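Engineer: For the protein sequence lines, the chains are S and A, in the order given.
Okay, so the first sequence: first residue is 1 according to the UniProt record's numbering, each after it adds one.
Okay, so the second sequence: first residue is 1 according to the UniProt record's numbering, each after it adds one.
Possibly wrong hints are sitting among the right ones.
Since the list can't tell identical chains apart, any single copy or any two copies may satisfy a pair.
[As the list claims (entries may be wrong)] Here are the simulated lysine-lysine pairs, DSBU-like style, with alpha carbons at most 35 Å apart:
(1) K464 <-> K73
(2) K464 <-> K31
(3) K97 <-> K274
(4) K274 <-> K31
(5) K464 <-> K434
(6) K434 <-> K274
(7) K73 <-> K434
(8) K73 <-> K274
(9) K97 <-> K31
(10) K31 <-> K434
(11) K97 <-> K434
These aren't lab readings, by the way, just hints derived from the structure by calculation.
Owing to the predicted nature of the structure, the values given are computational and were not obtained by experimental measurement.
Protein chains: 2
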Amino acid sequence: MTIWDTRRTAKAERMTAGSAYSTGKVVDPAKLGDLLQDVIRPGDRVALEGDNQKQADFLSRTLADCDPNRLNKLHMLISSVSRSEHLDLFERGIADKLDLAYAGPQSVRIAQMVEDGTVQIGAIHTYVELYARMFVDLAPDVVLLCAEQADRDGNLYTGANTEDTPTIAEAAAFHDGVVIVQANEIVDTASLPRVDIPGSWVDFVVQADRPFFLEPLFTRDPRHIGPVEILKAMIAIRGVYERHQVVSLNHGVGFDTAAIELLLPTYGEQLGLKGRIARHWVLNPHPTLIPAIESGWVESIHSFGGESGMNRYAAARPDVFFTGADGSLRSNRVLAQLAGQYAIDMFIGSSLQIDAEANSSTVTDGRLSGFGGAPNMGHDPHGRRHSSAAWLDLAHGEGASRRGRKLVVQMAQTFRAGGVPTFVETLDAVEVGKQAGMPLPPVMIYGDDVSHVVTEEGVAYLYKAHSLDDRRAALAAVAGVTPVGRTSDARRVEGLRRDGLVAFPEDLQVETRLADRSLLAARSIEDLVAWSGGLYDPPSQFRDW
Amino acid sequence: MTIWDTRRTAKAERMTAGSAYSTGKVVDPAKLGDLLQDVIRPGDRVALEGDNQKQADFLSRTLADCDPNRLNKLHMLISSVSRSEHLDLFERGIADKLDLAYAGPQSVRIAQMVEDGTVQIGAIHTYVELYARMFVDLAPDVVLLCAEQADRDGNLYTGANTEDTPTIAEAAAFHDGVVIVQANEIVDTASLPRVDIPGSWVDFVVQADRPFFLEPLFTRDPRHIGPVEILKAMIAIRGVYERHQVVSLNHGVGFDTAAIELLLPTYGEQLGLKGRIARHWVLNPHPTLIPAIESGWVESIHSFGGESGMNRYAAARPDVFFTGADGSLRSNRVLAQLAGQYAIDMFIGSSLQIDAEANSSTVTDGRLSGFGGAPNMGHDPHGRRHSSAAWLDLAHGEGASRRGRKLVVQMAQTFRAGGVPTFVETLDAVEVGKQAGMPLPPVMIYGDDVSHVVTEEGVAYLYKAHSLDDRRAALAAVAGVTPVGRTSDARRVEGLRRDGLVAFPEDLQVETRLADRSLLAARSIEDLVAWSGGLYDPPSQFRDW
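Isolated chain S, as found in the complex (with noise of 0.2 Å):
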């Protein structure tokens, strides 16, 4: 006779053993361990948040000072490795397996883990390609996750940062997992703002010992942009935004993009692009955006996560951004990332490192660092069926075969700081994927689904290009003198200038001697603060007045 239920069963029993230590779903903070102890079992597979921005770092470090001889051989699930507890519970024996999609900031240390055997990773994934797998190959036993408030019938208000909350919470509740969360708040049900997450998917609920980190990753200080960032930009907005008329974008984070984002009143106003091009986003509430957004280029705003101190600013202009019947801001990374994918025209991003056919990698040393979310929004989504211009643009192929292409742009300067070359024949990522042992080089996004590369010499049209060599040629032409650029031939490059695979500054009227911080709509965080009528709190970090 086969048993169906259990994963259910399992579920009951967990229950029980946690009720011994809260009052309905509340838990008592001071038993929180021990609730950990009795309710997550050897070898299960915890799902812990962990996402770009917000952590649930009271469960983390309560859970990393589990007793191993009670909880070990745990399987994690964690989307954003940054917090040392997460790889503190692989030095304590409390976990062995790790699934993961970024480790920025712990990715020294867990490449060295790895190196040692304290970690044994599963696979590097982007974030929404981990929490596909765990409604296919990896479903969770236990979630472990944040909420701002909660009420005592488990409901959840997420505020700004929902980020992954909901879709972890669906893939527990809603197959017999255990659904752990703790809020800054616990609060009556009529003082919740709004409900994000309904009570019945949550099964404890625990009061924090304090507020939840939060990570302001999207915000770029102007003060650091400099001529060259400004003259990428002009570069990218003649001739990649105005050429394709670029309606529906995501920007990738980074002071190329931020520099494009403070041009768009000034340089792009003055080429009368504004209502014309990027009049619908997919981003965080980038600080950076805020002029543009004041200046009416920005019709709406979709976004991954929230951005500390732009919850403010966002509240008041709802036109805009995403927000609930409360007024505060609602954003849903799977959703942003369907959105990204299916619903926008282009992505532009920076990039550390290209090799000769136009991969990239942020992986530049003996990092583990993983993908986060730019090859999802960095390739061309064939499943794709609607049309408008810009997608047309860049159309292919013969009868049934011709459709249209998402605008895949990288952006690098040629060279970084300290005169590192940024296009190389090999990527970095080769050796350190054969390092790590992993199965394939860790490259965030593909050559082959790059459409333009922006350096301050220029654009290559690579899409334009009919043949691998021809595209080589192209990218060598604005690669400058890195050992990439040096392979180029003036006389090819004439032809590709002719052909239209490149394109210089001069090619694209854009005016070399204008490229300076004169032309940015800001030139600090305090021009943020003005230019959103005092409605952005900027994160202490990046306040020096």
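Place chain A on chain S using the hints.
Structural biologist: Using the frame of chain S, we list chain A on its own:
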């Protein structure tokens, strides 16, 4: 002075207007028409559910009865245009623009209405693509949804067919749109089996005059599976599933894949494949999968929607299906799509027409039937970064460019009923697209995304082809005596077999003489009921006993 809350102000006005016909959130069903006329405004963008299976038909019928002098120029977003009143809206002058994903049963009428200028089509999308645009450039002003039960606070229980309700609700609830929901029943909060969507997202609920319409789209009667489907299934199991060790997968709907499902516990078992292949599934609860589930083949199934008659069975198999705290099935199209794109190794489905380059379409005459979900499942998602054995088995590229590939398998019989060839030089879709003024032909799956084609003649391993010429030759080799197949050259075929681009049944040790109905684990709907231990309740149209 810019006004930043036009949507919020409009929503407040709409809510006030609607409150004349409701007590709290609960609308008097007799006043629904009045409410719609006062809440919706001319020119509004209105999303009507309209899913693959379930239909908010009380709302759509009532909307179609509204006064066109009061309500007109609506821009409708309907993922599945499947009911006559969906088009009556246009004939009556209430709506004039339509964005859609699928129009199966209405495909002839819609084509005619486009030609007559009665309907202006925005675009034809895939399901998730249309939802994605609701977060970008097609934010709805009002959404009309359906649920099994609601309480007076608007908390919703969607039952097994959650499908798209949470996604469309989110697009409106978090951007100052109005959310109106029909429920089969309005019950006390304590009687709700679980909450699928929190009441704080919902503005109005109305008890429907009869339960929402639900179509059993995924039920295939084994009685109609003949020896050719069985032979193709044997070839697919040996030539694709076994060869590539496919562990996680999605089956399109159709008799071909139903045959595979019914052969796993017989032919698959004889081959010793149980536990080695087809363990994790993303698909609706196909009744024909019951014998494989009962035989222990299936570890997990995550579903886009439900299926009529399968609810008691799914609820009794919670280790396999995703179910809620109440014990009943939970589905979610967007998350199943995410899983289908990023977490599984293979999509396999049938096609009605395939051209010489393996482009395929289900558009085979003057119908404007749309895309549904197949293009999203039927492409290689370039944003995937984790590896699996099957995915790596199709690896291609060198150095940084090396990566795996999703198996995208098309099944087809060389000739359809009536001697119509499946393999043709040019898809009918090319002409249909031209006639309908579409910017591109409505191709379902592009040839360059297809890795394998399986026919009763054998398997074409298209992913192994190094040139378009090789692809065409490999495809022709399994295309029988169709116009495409007749181009095949016997000596060339021998080379392709040697090189592994083509395999015939004898190459795969498939004994064609065994291909008969005795190999099916169930030969009728009654057999499926028996396999389920009486838990499967087939819809009446599938009962003949």
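Engineer: State for each hint whether it applies.
Structural biologist: Here is how each hint holds up against the structure:
1. K464 <-> K73: For K464 and K73, the Cα distance exceeds 35 Å both inside one copy (51 Å) and across copies (41 Å).
2. K464 <-> K31: neither (62 Å within a copy, 58 Å between copies)
3. K97 <-> K274: between (51 Å within a copy, 26 Å between copies)
4. K274 <-> K31: neither (57 Å within a copy, 44 Å between copies)
5. K464 <-> K434: Answer is both; intra-copy 33 Å and inter-copy 25 Å each pass.
6. K434 <-> K274: between (48 Å within a copy, 34 Å between copies)
7. K73 <-> K434: within (26 Å within a copy, 60 Å between copies)
8. K73 <-> K274: Intra 56 Å, inter 28 Å, cutoff 35 Å: inter-copy only.
9. K97 <-> K31: So K97 and K31 pass the 35 Å test inside one copy only (26 Å; across, 58 Å).
10. K31 <-> K434: neither (44 Å within a copy, 68 Å between copies)
11. K97 <-> K434: within (20 Å within a copy, 54 Å between copies)
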